[in-house]
Amino acid sequence: MATGKEFPSGATGDNTVIGPSILISGKLSGDEDLTVRGRVEGELSLSRTLIVEPSGIVKANVVVKNAIVSGVVVGNISATESVELTQEGRMVGDIRSPRVIIVDGASFRGRVDMGNAVPRPEGEKKTSVVRPALKTTIARPATKPLPPKPVATRKDEDKPAPPPPPAPVLVGEGGKKKVLVKKKK
Amino acid sequence: MANTIIGSSIVIDGEISGDEDLVIQGTVKGKISLKESLFVEASGVVEADIDTQNVEIAGRVTGNIAASDKVELKSDCRVVGDIKAPRILIADGASFKGNVDMDVKER
Numbered sequence: 001m002a003t004g005k006e007f008p009s010g011a012t013g014d015n016t017v018i019g020p021s022i023l024i025s026g027k028l029s030g031d032e033d034l035t036v037r038g039r040v041e042g043e044l045s046l047s048r049t050l051i052v053e054p055s056g057i058v059k060a061n062v063v064v065k066n067a068i069v070s071g072v073v074v075g076n077i078s079a080t081e082s083v084e085l086t087q088e089g090r091m092v093g094d095i096r097s098p099r100v101i102i103v104d105g106a107s108f109r110g111r112v113d114m115g116n117a118v119p120r121p122e123g124e125k126k127t128s129v130v131r132p133a134l135k136t137t138i139a140r141p142a143t144k145p146l147p148p149k150p151v152a153t154r155k156d157e158d159k160p161a162p163p164p165p166p167a168p169v170l171v172g173e174g175g176k177k178k179v180l181v182k183k184k185k
Numbered sequence: 001m002a003n004t005i006i007g008s009s010i011v012i013d014g015e016i017s018g019d020e021d022l023v024i025q026g027t028v029k030g031k032i033s034l035k036e037s038l039f040v041e042a043s044g045v046v047e048a049d050i051d052t053q054n055v056e057i058a059g060r061v062t063g064n065i066a067a068s069d070k071v072e073l074k075s076d077c078r079v080v081g082d083i084k085a086p087r088i089l090i091a092d093g094a095s096f097k098g099n100v101d102m103d104v105k106e107r
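Taken in sequence, the protein lines are chains A and B.
For the first sequence, position 47 matches number 47 in the numbering used here, and the numbering has no gaps at all.
For the second sequence, position 103 matches number 103 in the numbering used here, and the numbering has no gaps at all.
Quick caveat, the hints were computed from the structure, so don't treat them as lab data.
Any given hint could be a false lead.
Listed next, with one range per pair, are the computed distances between beta-carbon atoms [unchecked claim]: (1) A/G115 - B/G93: 50 to 56 Å; (2) B/V100 - A/Q87: 23 to 29 Å; (3) A/K27 - B/V80: 21 to 27 Å; (4) B/V11 - A/S107: 30 to 36 Å.
The beta carbon of each residue, even a glycine, is placed where N, CA and C say it ideally should be.
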């Protein structure tokens, strides 16, 4: 900062911080990153990133580019780039953003609209949604696919194993149509 | 230690209240009430009634100011409104229009 005044030097460049005991009610807009450790109520629109820290509470309709929620948000978030609910994040409201990241531990109730939810034009067979890969390393238990073959005996204590899938080969009166029936989508 | 900063591109239209120092580099309209100090930096624009303990103004303020301790108008500031505080400092170069009330009554 150019001014050598004796203002507190906590001001680090053009970053806006709402401290933990501050309540802002009304409209807030700006073109820089905003970190909320206190409370903001009303309306919030930024062309940059909103960071709600664990002590922060936002009860507002939020329009931003990016939002990272580690605190509490009650209201709708519309982001042009991404919305991330971290492990400590709690949110009630609707999210509208092309990228929505909700990590394990986050609490969320509301709707999610990623916009271009049209089926992929290059003719993908199933409705598996392909999303941009997450950048954050999320320790999530990998959902391992079911083993293709029926596991007859497990050595661990997991007794109530899923019932083995029906045997694919029917030895009997000509399993002629069985395959066709299964292929019906 | 000020941990609340309203950056220079931020515009707030509403009410700000809190128990900590507040630094304003942007624009605030409405009302500000704090239990600590308010700093309006040179780039700050405040169109609000202010009720705090201390105020230091280097930017522009339009509105009435009531401080329980001190109001300081730095040089190059521009203030329009009434000021009410036990201690009021107006530096050389400050621009100010309004009433001053230092509440000089015997108690």
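Do the hints match the structure? See the list:
1. A/G115 - B/G93: 50 to 56 Å: The hinted range 50 to 56 Å holds for A/G115 and B/G93, with Cβ atoms some 53 Å apart.
2. B/V100 - A/Q87: 23 to 29 Å: violated (53 Å)
3. A/K27 - B/V80: 21 to 27 Å: Hint holds: Cβ distance 23 Å, inside 21 to 27 Å.
4. B/V11 - A/S107: 30 to 36 Å: holds (31 Å)
Against the hints set out earlier in the document, a violation occurs for number 2 only.
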